[in-house]
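Q: Chain by chain, the residues:
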Amino acid sequence: DVKVTQSSRYLVKRTGEKVFLECVQDMDHENMFWYRQDPGLGLRLIYFSYDVKMKEKGDIPEGYSVSREKKERFSLILESASTNQTSMYLCTTLPGVGETQYFGPGTRLLVL
Amino acid sequence: GENVEQHPSTLSVQEGDSAVIKCTYSDSASNYFPWYKQELGKRPQLIIDIRSNVGEKKDQRIAVTLNKTAKHFSLHITETQPEDSAVYFCAASTSGGSYIPTFGRGTSLIVHP
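First to last, the sequence lines map onto chains S and V. Here the working numbering is used: position 101 in the first sequence is 101, and no number is missing along the way. One rule links them: number in the working numbering = place in the second sequence (from 1) + 112.
Looking at chain S on its own, in the form it has when it is part of the complex (with noise of 0.2 Å):
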C-alpha cells in the first residue's frame, strides 16, 4: 500500500523562524511535490523535484527553498516564516508521468 507521510500534522511559529517540513515515502517514486493549499486558491505548485538533488520551481517559489539527498525525503524550508505562509502544505509522490499523484496528509501551518 502506498505511504506518503509528513512530519507533522499541526505547526506553530513564529514570524522569521526558519521553519522544516519533510516528506517520506516509501514507494520509490522519482517524483516528489509540494503544493500549498488556501481556500479559493486550491493548490498552488511550490517546488517540485524529480530525482535526487534535483530541484524545480513551480509556481510560487518564493519564500521557500527545498532539500532532497536522498530519494524517499523531500524537505520544504521556509527561510524566514511570514504570516502569509500560513497555509495548508501537502507533499505528493508521482510514479511516472501521466500517473496518479498520491498525498502525503498535509501539514498546517500557523506563523503567528
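Keep in mind that the hints were calculated from the coordinates and are not lab data. Certain hints may be false.
[As the list claims (entries may be wrong)] FRET-style restraints, in silico, Cβ to Cβ:
{"no.": "1", "chain 1": "S", "residue 1": "Asp-59", "chain 2": "V", "residue 2": "His-224", "range": "31 to 37 Å"}
{"no.": "2", "chain 1": "S", "residue 1": "Phe-20", "chain 2": "V", "residue 2": "Val-132", "range": "38 to 44 Å"}
{"no.": "3", "chain 1": "S", "residue 1": "Lys-53", "chain 2": "V", "residue 2": "Glu-151", "range": "34 to 40 Å"}
{"no.": "4", "chain 1": "S", "residue 1": "Arg-14", "chain 2": "V", "residue 2": "Ala-141", "range": "42 to 48 Å"}
{"no.": "5", "chain 1": "S", "residue 1": "Leu-112", "chain 2": "V", "residue 2": "Asp-129", "range": "40 to 46 Å"}
[Unchecked claim] List of simulated lysine-lysine pairs, DSS-like, C-alpha gap at most 30 Å:
{"no.": "6", "chain 1": "S", "residue 1": "Lys-71", "chain 2": "V", "residue 2": "Lys-149"}
{"no.": "7", "chain 1": "S", "residue 1": "Lys-18", "chain 2": "V", "residue 2": "Lys-154"}
{"no.": "8", "chain 1": "V", "residue 1": "Lys-149", "chain 2": "V", "residue 2": "Lys-180"}
{"no.": "9", "chain 1": "S", "residue 1": "Lys-57", "chain 2": "V", "residue 2": "Lys-154"}
{"no.": "10", "chain 1": "S", "residue 1": "Lys-70", "chain 2": "S", "residue 2": "Lys-13"}
{"no.": "11", "chain 1": "S", "residue 1": "Lys-3", "chain 2": "V", "residue 2": "Lys-154"}
{"no.": "12", "chain 1": "S", "residue 1": "Lys-3", "chain 2": "V", "residue 2": "Lys-169"}
{"no.": "13", "chain 1": "V", "residue 1": "Lys-170", "chain 2": "V", "residue 2": "Lys-180"}
{"no.": "14", "chain 1": "S", "residue 1": "Lys-55", "chain 2": "S", "residue 2": "Lys-71"}
{"no.": "15", "chain 1": "S", "residue 1": "Lys-57", "chain 2": "V", "residue 2": "Lys-134"}
{"no.": "16", "chain 1": "V", "residue 1": "Lys-149", "chain 2": "S", "residue 2": "Lys-3"}
{"no.": "17", "chain 1": "S", "residue 1": "Lys-71", "chain 2": "S", "residue 2": "Lys-53"}
{"no.": "18", "chain 1": "S", "residue 1": "Lys-55", "chain 2": "S", "residue 2": "Lys-13"}
{"no.": "19", "chain 1": "V", "residue 1": "Lys-183", "chain 2": "S", "residue 2": "Lys-57"}
{"no.": "20", "chain 1": "S", "residue 1": "Lys-71", "chain 2": "V", "residue 2": "Lys-154"}
{"no.": "21", "chain 1": "S", "residue 1": "Lys-55", "chain 2": "V", "residue 2": "Lys-154"}
{"no.": "22", "chain 1": "V", "residue 1": "Lys-183", "chain 2": "V", "residue 2": "Lys-149"}
{"no.": "23", "chain 1": "S", "residue 1": "Lys-70", "chain 2": "S", "residue 2": "Lys-18"}
{"no.": "24", "chain 1": "S", "residue 1": "Lys-13", "chain 2": "V", "residue 2": "Lys-154"}
{"no.": "25", "chain 1": "V", "residue 1": "Lys-169", "chain 2": "V", "residue 2": "Lys-134"}
{"no.": "26", "chain 1": "S", "residue 1": "Lys-70", "chain 2": "S", "residue 2": "Lys-55"}
[What the hints assert, rightly or not] With the Cβ distance kept under 10 Å, some of the chain S side facing chain V (calculated, not the full set):
{"no.": "27", "residue": "Leu-45"}
{"no.": "28", "residue": "Phe-48"}
{"no.": "29", "residue": "Tyr-50"}
{"no.": "30", "residue": "Gly-58"}
{"no.": "31", "residue": "Leu-94"}
{"no.": "32", "residue": "Val-97"}
{"no.": "33", "residue": "Thr-100"}
Backbone N, C-alpha and C fix where the C-beta goes; we use that ideal spot for every residue, glycine too.
Dock chain V against chain S, hints included.
A: Coordinates of chain V only, in the frame set by chain S:
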C-alpha cells in the same frame, strides 16, 4: 503552460440529486485527467480518472466524460449522498514534456439530507 479552470466553486444539492462539476484545460497535449476528493481534514484521494483515448468512464455512481475537441471534462455524481460532501479537484497532465499535473481550484460539494 497548462491552465485548468474548474466550475462551480461551490455546489449545493439535495440528497438523491445529481451533481456535475466541469473543468476546462488549455494544453491540447494533456492526456490524463484525474479527479480527487478531499473530505474535511483529510488528504485528497483519487476517485476516478480518464485518459484521452476514451470519452467516458464510469464507476458505480461516479462518471467522468471527456471532450478533447472542446478541451473540457466533467465529473458526474448520481444519487448523491451526504457522504459525497467534500471538495473535489480536477487535474490535467501530459505523458511527456511538461508532465507536471495542473489542478483546478476545487469545488466544494454540499449534499443536504
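Q: Just to be careful: measuring from the Cβ of S:Leu-94 to every Cβ in chain V, is the smallest value less than 10 Å?
A: Result: holds, 7 Å to nearest chain V Cβ.
Q: Is the interface hint for S:Leu-45 satisfied, with its Cβ closer than 10 Å to some Cβ of chain V?
A: 7 Å, holds
Q: Close enough to count: is the Cβ of S:Val-97 nearer than 10 Å to one in chain V?
A: 4 Å, holds
Q: Next item in the hint list is S:Tyr-50. Is there a CB on chain V closer than 10 Å to its CB?
A: Holds, because the Cβ-Cβ distance from S:Tyr-50 to chain V comes to roughly 9 Å (cut-off 10 Å).
Q: Verify the proposed pairing of V:Lys-149 with S:Lys-3, using a straight-line Cα cut of 30 Å.
A: 18 Å, holds
Q: Is S:Lys-70 within 30 Å of S:Lys-13, Cα to Cα?
A: 26 Å, holds
Q: Go through the hint on S:Phe-48 and say holds or violated, using the shortest Cβ distance to chain V against 10 Å.
A: Since the shortest Cβ distance to chain V is 7 Å, the answer is holds.
Q: Going straight from one Cα to the other, do S:Lys-71 and S:Lys-53 come out at no more than 30 Å?
A: 9 Å, holds
Q: What's the verdict on S:Lys-57 and V:Lys-134, does the C-alpha distance respect the 30 Å limit or exceed it?
A: 29 Å, holds
Q: Between S:Lys-55 and S:Lys-13, does the CA-CA distance stay at or below 30 Å?
A: Distance of about 25 Å is within 30 Å: holds.
Q: Verify the interface restraint on S:Thr-100: the C-beta must sit less than 10 Å from at least one C-beta of chain V.
A: Holds: closest Cβ of chain V sits about 5 Å from S:Thr-100, inside 10 Å.
Q: Within a Cα-Cα threshold of 30 Å, do S:Lys-55 and V:Lys-154 meet the stated pairing?
A: 27 Å, holds
In the structure shown, no violation is registered for any of the earlier numbered hints.
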